[in-house]
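Q: Protein chains in written order, with the working numbering: chain A, 1 to 109; chain B, 1 to 113.
Certain hints may be false.
[To be verified] Each pair of labels, with its calculated beta carbon distance range: (1) B:Q80 - A:Q80: 41 to 49 Å; (2) B:G42 - A:L61: 19 to 27 Å; (3) B:T20 - A:N95: 34 to 42 Å; (4) B:D63 - A:R60: 44 to 52 Å; (5) B:V12 - A:V19: 37 to 45 Å; (6) A:F50 - B:K78: 32 to 40 Å; (7) B:P70 - A:P109: 46 to 54 Å; (8) A:S28 - B:L74: 42 to 50 Å; (9) A:R60 - B:E68: 36 to 44 Å; (10) A:N95 - B:T73: 37 to 45 Å.
Simulated from the structure, these hints should not be mistaken for lab results. All of these numbers come straight from a predicted model, not from anything done at the bench. Positions of the beta carbon are idealized from the N, C-alpha and C atoms, including for glycine.
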Amino acid sequence: GEDVEQSLFLSVREGDSSVINCTYTDSSSTYLYWYKQEPGAGLQLLTYIFSNMDMKQDQRLTVLLNKKDKHLSLRIADTQTGDSAIYFCAAQTGNQFYFGTGTSLTVIP
Amino acid sequence: DARVTQTPRDKVTEMGQEVTMRCQPILGHNTVFWYRQTMMQGLELLAYFRNRAPLDDSGMPKDRFSAEMPDATLATLKIQPSEPRDSAVYFCASGPGVGGEQYFGPGTRLTVT
Numbered sequence: 001g002e003d004v005e006q007s008l009f010l011s012v013r014e015g016d017s018s019v020i021n022c023t024y025t026d027s028s029s030t031y032l033y034w035y036k037q038e039p040g041a042g043l044q045l046l047t048y049i050f051s052n053m054d055m056k057q058d059q060r061l062t063v064l065l066n067k068k069d070k071h072l073s074l075r076i077a078d079t080q081t082g083d084s085a086i087y088f089c090a091a092q093t094g095n096q097f098y099f100g101t102g103t104s105l106t107v108i109p
Numbered sequence: 001d002a003r004v005t006q007t008p009r010d011k012v013t014e015m016g017q018e019v020t021m022r023c024q025p026i027l028g029h030n031t032v033f034w035y036r037q038t039m040m041q042g043l044e045l046l047a048y049f050r051n052r053a054p055l056d057d058s059g060m061p062k063d064r065f066s067a068e069m070p071d072a073t074l075a076t077l078k079i080q081p082s083e084p085r086d087s088a089v090y091f092c093a094s095g096p097g098v099g100g101e102q103y104f105g106p107g108t109r110l111t112v113t
């Protein structure tokens, strides 16, 4: 199966930008996703990008995809305390979905 | 505000008992996914359906787990017999099609003692 890897923790100050990184191993991955999970809740889809794109922007979120390096990042501009959560990267290959271990983002007021 | 619903939210049971978890996908969605989340293994895809037919259940232990969609508004995940290692949060998600967004339910926290 595919390996999807993320760093476990990230701390940023309120108002700064956060960048969460993800690497995957299967170059045939078609869709790449970012989800947010708050304590005691299910995952919430934030955004996704098709593999033939290299960037997607949606309000404070910017996704960058480097397909050559199999590297995906999520940038959150003007990070707020409400952005504190676990962020999951996921890759879809065919009918399979592979999730990273999640990055716990802590926003310091 | 359309949402995926799951019942029960919490379930505590003894080893050997049957457990049934239910999911109501968002109306109009034709794909349904079952995931399991644990601290050790993270998020694992167990099974998923498109138009009520199982598309992939390779992530599911076949000897004790079964997943069905009796109709378009109900998906079930059954464990029989349950074991302590099945303790996890089980999420259901639905989507409008394969490829693209998935909308997760709040999860069922299962504890098997």
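Q: Mind checking the hinted window 46 to 54 Å against the Cβ distance between B:P70 and A:P109?
A: 49 Å, holds
Q: Using the C-beta atoms of A:S28 and B:L74, is the stated range 42 to 50 Å upheld?
A: About 34 Å separates the Cβ atoms of A:S28 and B:L74, which means 42 to 50 Å is violated.
Q: With respect to the beta-carbon atoms only, verify the hint that A:R60 and B:E68 lie 36 to 44 Å apart.
A: 40 Å, holds
Q: With 37 to 45 Å as the target window, see if B:V12 and A:V19 comply at their CB atoms.
A: 40 Å, holds
Q: Per the hint of 19 to 27 Å, is the separation of the Cβ atoms of B:G42 and A:L61 within bounds?
A: Taking Cβ atoms as reference, B:G42 and A:L61 lie about 23 Å apart, which means the hint holds.
Q: Does the Cβ distance between B:T20 and A:N95 fall inside 34 to 42 Å?
A: 25 Å, violated
Q: Taking the Cβ atom of B:D63 and the Cβ atom of A:R60, is their distance within the range 44 to 52 Å?
A: 46 Å, holds
Q: Is 41 to 49 Å a correct range for the gap between the Cβ atoms of B:Q80 and A:Q80?
A: 45 Å, holds
Q: Verify the CB-CB distance for A:N95 and B:T73 against the hinted window 37 to 45 Å.
A: Cβ of A:N95 to Cβ of B:T73: about 23 Å, so the range 37 to 45 Å is violated.
Q: Is 32 to 40 Å respected by the C-beta to C-beta distance linking A:F50 and B:K78?
A: The hinted range 32 to 40 Å holds for A:F50 and B:K78, with Cβ atoms some 35 Å apart.
In terms of the numbered hints stated before, the structure departs from hints 3, 8, 10, listed from lowest to highest.
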